[in-house]
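S.K.: Sequence:
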Amino acid sequence: MTKDRIKELEKDKPWPHVSYRRLSRQFQKLEYQNENSHSTTINIDNESNVTDFLKEIDLIRLDIDKIDELIQEIDLIRLDIDKIDELIQEVKQIHSAMLEPRTNSNLGQELDDKNEEIKNSSYEVSIKLKKMEQAKQNCDDHDKTNAQWRVKESQIFVLTRRFRDTMVAYNQETMSHRDRCKSVIVRELEISGNRKTNDELEDILESGFPGTFNLSILVDTQKAKQSLDAIEARHLDIIKLEKSIKELYNMFQDLAILVTDQGEMIDSIEHNVSKAVDYVERGKRDVGTAQQYAKKSFKRKVCIIIILATSFLLILLILLIGYFTHKRIIGK
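FYI, the numbering for the sequence shown is 1 to 332, going by full-length UniProt numbering.
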């Protein structure tokens with residue numbers, strides 16, 4: 001916790017290892033500041049206000065401390081998202097292993113644990129992002145001009161976009177695994193002689209296998225029974241996947257709203273920046289045009305001066321010639 005030193009500054013208490021001495025203006029340039037590793041001397045004149053200066057320095061320190069705390073909070077969220085990315089890669093590997101002919105019986109429980117960990121971590125990240133966004137929105141207009149608010153605004157946008165992309169990737173993997181499980185069920189049903197249409201299969205996936213036990217009575221071969229086991233296992237996987245998707249649905253909605261709002265804000269910022277760039281480019285063109293006009297005007301002035309000077313010299317030369325000619329005639 002950062003120590004509040006405002007009260008100490010109000011008492012005009014000097015900093016440790018810092019001494020002050022007042023010098024008149026005429027001697028300030030002659031005096032040099034003596035520095036070493038233990039003490040510092042600051043030369044001030046009568047018009048300086050050391051207390052206000054130290055208060056400003058301390059306020060800057062407080063802002064820096066707040067930015068450091070914000071960066072630490074952002075780093076923690078970034079680590080949580082990295083962890084979710086790693087879990088998604090592990091889930092992909094488990095999905096691939098579960099569709100192999102011979103699978104480990106522990107894969108189902110391992111998959112459940114990974115999905116539960118992803119769900120819990122994603123909820124924690126979502127809550128943290130919401131809190132940061134709410135705190136940013138509650139800032140008054142004066143706070144929105146400082147560096148801390150700008151850092152928070154940009155980092156929230158980056159983290160939210162990255163978290164959204166991560167969860168979209170997880171949802172896509174979940175849906176892809178559902179489709180693969182569905183393909184396995186179709187294949188196993190065909191092997192067992194129970195061909196189903198796509199609509200019938202979807203109804204089965206939604207309502208379960210009401211005739212599972214009747215189906216098990218009808219099959220006699222060991223291969224058909226294995227097919228039935230595979231169908232039931234894949235159906236159970238699909239039920240779990242759909243449950244996981246439903247649990248994360250509300251969070252996806254919140255993320256979509258948050259990203260949309262931030263996208264509009266960023267689009268507005270980009271629009272203003274592009275307009276500013278246009279203004280700058282237009283200003284450059286105007287400055288270039290003005291410089292060309294200035295050069296042309298300068299050239300015109302130089303030409304006029306040369307013409308006037310030449311005319312003056314010609315008139316002077318004519319007058320001198322006339323004067324000396326007249327003088328020579330009178331002398332004769």
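Don't read these hints as lab results, they were simulated from the structure.
Possibly wrong hints are sitting among the right ones.
[What the hints assert, rightly or not] In silico BS3-like pairs for lysine-lysine, Cα to Cα no more than 25 Å straight-line: (1) Lys55 with Lys83; (2) Lys92 with Lys119; (3) Lys119 with Lys182; (4) Lys114 with Lys66; (5) Lys66 with Lys92; (6) Lys131 with Lys119; (7) Lys66 with Lys119; (8) Lys83 with Lys130; (9) Lys83 with Lys114; (10) Lys83 with Lys119; (11) Lys114 with Lys136; (12) Lys92 with Lys182; (13) Lys131 with Lys66; (14) Lys182 with Lys114; (15) Lys66 with Lys55; (16) Lys128 with Lys66; (17) Lys130 with Lys119; (18) Lys131 with Lys83.
S.K.: With a cut-off of 25 Å on the C-alpha distance, tell me whether Lys92 and Lys119 pass.
M.R.: holds (15 Å)
S.K.: Just to be careful, I want the Cα atoms of Lys131 and Lys83 compared with a cutoff of 25 Å; is the pair within it?
M.R.: holds (20 Å)
S.K.: Are the Cα atoms of Lys130 and Lys119 separated by 25 Å or less?
M.R.: Cα-Cα ~16 Å, so holds.
S.K.: Check whether the Cα positions of Lys92 and Lys182 lie no farther apart than 25 Å.
M.R.: holds (17 Å)
S.K.: Take the C-alpha atoms of Lys66 and Lys119, compute the straight-line distance between them, and say whether it is at most 25 Å.
M.R.: Judged against 25 Å, a Cα distance of about 30 Å means the pair is violated.
S.K.: Going straight from one Cα to the other, do Lys128 and Lys66 come out at no more than 25 Å?
M.R.: holds (17 Å)
S.K.: Quickly compare the C-alpha distance for Lys114 and Lys136 to 25 Å and report which way the hint goes.
M.R.: violated (33 Å)
S.K.: With a cut-off of 25 Å on the C-alpha distance, tell me whether Lys66 and Lys55 pass.
M.R.: The hint holds at about 17 Å.
S.K.: Has the given pair, Lys182 with Lys114, been kept, meaning a C-alpha gap of at most 25 Å?
M.R.: holds (22 Å)
S.K.: Hint check: Lys119 vs Lys182, CA-CA at most 25 Å. Holds or violated?
M.R.: holds (24 Å)
S.K.: Does Lys66 lie within 25 Å of Lys114 when you go C-alpha to C-alpha?
M.R.: violated (35 Å)
S.K.: Tell me if the straight-line CA distance from Lys83 to Lys130 falls inside 25 Å.
M.R.: holds (19 Å)
Violation of the numbered hints given earlier is confined to hints 1, 4, 5, 7, 11; the remaining hints are satisfied by the structure.
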